[in-house]
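*Asks:* Sequence:
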Amino acid sequence: MRAPLDFAAVEAMDAADPLRAMRDRFILPEGVIYLDGNSLGAAAPAVFNELQNAATQEWAQDLIRAWNTAGWFDMPLALGDQLGRLVGAAPGQTVVCDTTSINIYKVLHAALGMRPDRSVIVAEGDSFPTDLYMAEGVASTRPGTVLRLEGVDAPTIEELIDERVAVILVNHVNYKSGQLRDMAALTCKAHQVGALIVWDLCHTAGALPVELDSANTDFAIGCTYKYLNGGPGAPAFIYAATRHHDKVQQPLSGWWGHARPFAFEQGYAAGSGIRRFLCGTQPVLSMRALKGALDIWDDVDMAAVRNKSIALTDLFIQLVETRCSAYGLELESPRDGKQRGSQVSFLHPNGYQVMRALIERGVIGDFRAPSTIRFGFTPLYVGYADVWQAVEVLEDILRTGAWKDARFAVKTAVT
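Counting the sequence shown from 1 gives a position; the numbering used here is that position plus 2.
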């Protein structure tokens with residue numbers, strides 16, 4: 003795409019956008035251009051409606067009966083199937099539960115247990131830190147287990163995969179650069195040597211088409227508060243291919259994953275199918291909020307989402323490089339839209355201050371140390387005019403040096 007020459011051109015692009023009406027399903031504050039849906043998605047009235055009903059009707063009126071009358075007990079499975087449609091998973095293979103970190107711990111332990119004669123976990127050296135922290139934690143509980151890292155032990159993850167590898171933990175999209183990996187190809191590479199693979203979908207679920215079943219992957223985990231708009235702290239999810247259900251044993255054997263939780267038996271017996279990945283009592287109100295967010299996707303074409311994502315990010319890169327090339331920005335994301343997720347990252351030596359100045363001007367992205375400024379483009383509510391206006395603000399901040407104001411150097415708890 004060539005960058006439009008004027009604002010009227012981007013307005014025409016918005017007018018022709020097949021997803022334009024989706025913006026009305028979200029609450030977007032006046033005067034804000036929100037380019038951080040890759041960190042926390044925007045709120046939607048449908049979410050608040052679900053929360054209000056769950057709190058004021060089901061909880062307040064039905065009380066404990068709501069576990070049966072309102073379907074609370076089976077909600078992790080029902081939401082799992084609803085979410086599964088967005089990641090290419092047939093019913094019965096996805097469950098909504100717990101947090102991403104906890105779910106990584108569960109699936110890595112489970113995968114190692116399925117390959118008892120192997121002792122190597124492979125991951126990315128530049129993975130999101132929680133993936134590495136949990137991999138380190140799992141390895142520490144299993145004597146002899148070794149963690150190999152791409153970029154540390156070998157230049158590429160493919161070079162680390164051999165017959166000693168039990169499981170590979172890999173991000174579908176890198177959280178900093180936005181680099182998109184070929185799921186089918188890497189899964190095939192893992193299976194050729196008998197290894198299992200776990201895909202982290204935190205930056206792809208809701209951002210682009212994902213085909214877990216078609217790629218023949220083993221496991222996946224992900225969060226729901228980014229592109230899926232489930233709200234802060236929304237529950238995460240686990241995918242496990244049906245072929246593994248009878249063999250897999252996860253380590254957090256809480257009562258919710260028991261075969262007969264209300265039999266109150268002594269001794270643990272894992273539940274059938276994907277239910278065995280549950281642990282403790284699940285957060286009903288958060289799950290009901292997520293249901294409201296997932297309902298928004300019922301009539302959304304993921305191919306249209308992907309097409310718009312590439313168009314938005316292409317436009318942003320072209321406009322930034324046209325207007326801001328003299329101000330020390332370096333593209334960190336892949337230039338080819340097919341090789342990146344729905345975000346664009348630039349490096350800047352004073353990236354933190356630049357992002358704080360942008361946020362004060364109503365353009366909300368985020369910063370990742372040491373020097374990455376990230377911009378997320380959620381196709382359901384970000385338009386082409388937003389891109390144009392965001393770049394105008396960025397150019398002004400860089401040209402005038404507004405970011406040099408001392409207040410922008412004061413670190414916040416969350417960046």
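Please note: incorrect hints may appear among the correct ones.
[Unchecked claim] In silico lysine to any residue, SDA-like type, Cα no more than 20 Å apart, as pairs:
hint: 1; residue 1: Lys413; residue 2: Arg370
hint: 2; residue 1: Lys191; residue 2: Asp215
hint: 3; residue 1: Lys406; residue 2: Asn352
hint: 4; residue 1: Lys178; residue 2: Asp128
hint: 5; residue 1: Lys406; residue 2: Glu332
hint: 6; residue 1: Lys178; residue 2: Asp215
[Stated by the list, open to error] The calculated label-pair distances, taken between Cβ atoms and stated as ranges, are:
hint: 7; residue 1: Asp164; residue 2: Asp300; range: 12 to 20 Å
hint: 8; residue 1: His193; residue 2: Gln341; range: 38 to 46 Å
hint: 9; residue 1: Gln341; residue 2: Gly282; range: 34 to 42 Å
hint: 10; residue 1: Leu287; residue 2: Asp164; range: 41 to 49 Å
hint: 11; residue 1: Asp119; residue 2: Thr244; range: 21 to 29 Å
hint: 12; residue 1: Pro131; residue 2: Leu349; range: 13 to 21 Å
hint: 13; residue 1: Cys190; residue 2: Gln320; range: 32 to 40 Å
hint: 14; residue 1: Arg337; residue 2: Ala156; range: 52 to 60 Å
Source of the hints: derived by calculation from the structure; they are not laboratory data. The beta carbon of each residue, even a glycine, is placed where N, CA and C say it ideally should be.
*Asks:* When the structure is checked against the list of hints, which entries are broken? Sort them ascending.
*Replies:* 6, 7, 8 and 14
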